[in-house]
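2 protein chains.
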Amino acid sequence: MAEAVERLQQRVEELERELAQERRRRALGGGDGGGGRARIEKMSPEVVDSNPYSRLMALKRMGIVSDYEKIRTFAVAIVGVGGVGSVTAEMLTRCGIGKLLLFDYDKVELANMNRLFFQPHQAGLSKVQAAEHTLRNINPDVLFEVHNYNITTVENFQHFMDRISNGGLEEGKSVDLVLSCVDNFEARMTINTVPVFSHISTKACNELGQIWMESGVSENAVSGHIQLIIPGESACFACAPPLVVAANIDEKTLKREGVCAASLPTTMGVVAGILVQNVLKFLLNFGTVSFYLGYNAMQDFFPTMSMKPNPQCDDRNCRKQQEEYKKKVAALPRQEVVQEEEEIIHEDNEWGIELVSEVSEEELKNSSGLVPDLPEGITVAYTIPKKQEDSVPELTVEDSGESLEDLMAKMKNM
Amino acid sequence: MAEAVERLQQRVEELERELAQERRRRALGGGDGGGGRARIEKMSPEVVDSNPYSRLMALKRMGIVSDYEKIRTFAVAIVGVGGVGSVTAEMLTRCGIGKLLLFDYDKVELANMNRLFFQPHQAGLSKVQAAEHTLRNINPDVLFEVHNYNITTVENFQHFMDRISNGGLEEGKSVDLVLSCVDNFEARMTINTVPVFSHISTKACNELGQIWMESGVSENAVSGHIQLIIPGESACFACAPPLVVAANIDEKTLKREGVCAASLPTTMGVVAGILVQNVLKFLLNFGTVSFYLGYNAMQDFFPTMSMKPNPQCDDRNCRKQQEEYKKKVAALPRQEVVQEEEEIIHEDNEWGIELVSEVSEEELKNSSGLVPDLPEGITVAYTIPKKQEDSVPELTVEDSGESLEDLMAKMKNM
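Line by line, the protein sequences give chains A and B. Residue numbering for the first sequence follows full-length UniProt numbering, beginning at 1 and increasing consecutively. Residue numbering for the second sequence follows full-length UniProt numbering, beginning at 1 and increasing consecutively.
Treat the hints as calculated values from the structure; they're not laboratory data. Since we're looking at a predicted model, the values are computed, not measured.
Since the list gives no way to pick out one identical chain from another, each pair is judged satisfied if it fits inside one copy or across any two copies.
Okay, derived cross-link-like pairs now, DSBU-like style, lysine-lysine, Cα gap no bigger than 30 Å in a straight line:
hint: 1; residue 1: K42; residue 2: K107
hint: 2; residue 1: K326; residue 2: K203
hint: 3; residue 1: K107; residue 2: K60
hint: 4; residue 1: K42; residue 2: K70
hint: 5; residue 1: K42; residue 2: K173
Bound conformation, chain A alone (with noise of 0.2 Å):
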């Protein structure tokens, strides 16, 4: 009987410690490895119902990229696990990337429900914790490392700066890209640290020569950008001010306790959806990749364009990158440098800057207040010829004696 007895609260006790683990499981986001899927060695392009990567692989088939595996060999960084974050790590753990390094110091709150990701039960988990749960549990066969902490005080900075040198797929190597995915008013809201993060980001990166995609949707929630940075390159976030702030939102509003900005899983899922193709395209190596791509989701504008880097840019290594940048090219074979000199067009301005744009005036008026909000002192160069009239209105006529204007008028005429 006193067997029985001890047998009996064995089993009880075993049962209390498997429900605490269920319960811990579940509260973490759907489960371990356990209720999710078995490690896959090789991604196979086999069309079976069992095979997470068959629709990925069929990319090749379809003639759009040349070599789908190659996405296991990259890692990844995300600076920011909030709105736009999330929905970036999980899409590419999806795609089968081979490493994601994520960073954060936010914990989950209900008030983030309003966007895709995190779920109810995950509030008060850090994110980066919650976040690895989730998508380990989505695919285990992507490598994650977690970094619960802000980046902006010194000795994290450092910490950050040494993983993205060397938290590669392999130990000592450097990630292949990073992700700012800055939750524009959250990290305003907090500490403040928006122009501190953007800062620190866009200085590691000009550091390290490192490629980096800068994304951020405004505080009204109804618009957002992407942008490649490739240092010496292409601008870099201090060459110039984000393309995208808060529309005339009053910075002292904004701080007022009690006063939040607004989001929407929509402008977010747009923003994250738009950052990962780019960055499949910038690694796996098709389409076009886009230097900056806007979202202005009242009028369904979106705006693309280049920007070239600032020669007098604040930040040194920025002009360092730059120089650098230049001897490259002038190293490179004839044939290759016009092309490159195709892409520097038209005027000059006081900052240095020059964007190219494949979007037309009249687009850019008729979205003028929310994107692009161009920083003062830069001006569009067009890729698309002007309309006659407003082009060549200088111009006389030297072969018919009649000015352009006589011409416009007689067709206006007709």
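Starting from the known structure of chain A, fit chain B onto it as the hints suggest.
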């Protein structure tokens, strides 16, 4: 002693029950209401970490939406809970929509894991059941009604029509919007019902005069579109073939066993994002609602246009709705009629379909072969003036006696 044994045995049974329940909850996707949050009676703008609606209510303060709470008065039906439909449902759930009706007959498979939303531990569950559980957990304030059936059978179609007509927020009221999120590939590969599905939606919505939005992603995973259809006012799905179809992919190839189309979480996330953004703009009355918005991921190109209905549409209910719309417009006060007529412009074509586009011909040409792949017989009429060489070549000059060609030739010589 016997009492102790009995008590322990009861405890073991109790724990086993709880454990089984926990495991079931976890398998279903993260927990039930207990793991989530309590229901909220009234949306509050209060800025506290525990308020899941604070960032949405902030849209009012930002001047974007005048009455955000109105979202709780709408019911939206989603047909197809795949790569686009599931994310669409999640976004609307997080936005606090009043009621969601989900229709799908498919099961979750590991092969779906390259897109957002479903998780590996849900493999084998029906999509609507798994989705309902996850969504209810994310936001218990939303009412859910799910139907695990194929809407294309006669009996199910009748039931589907009945739910569209009577499944609104109050029983007996129709839903406010139907969203077609059929995953082109999956439907096509499993029972080849895409055209049927879309046709059925068209039939149902034309018959009921129901406003709906269509979405689609191409088989090569790098383009997609959304389309708003107001029966009688804009082109229905039967007025013209879908604008985005498999880009030059042989149907026979797709149907061969062991071959599947590609898909990406990025493209599907962007399409779901622009779809739900359009839904929010439509229901909450802000920004410009797009009749057609395309996404070409290879070139980051987003064409928009609106399409008039085809007076010779095969669907007699569409023609009937067109007649009724004409009567409605004719009965409007004069000013409103003028505004209506401004939209009807330029040349007719053999199909009688007119397109109004904000896209330049150059942009369209640059992206041809991908999107929009205009169906035969449809041409594009521009709202932005064409370059004059193209648009008025047949006109003769009346006041100066010179031909336009002469004037153009002179201008070219400048």
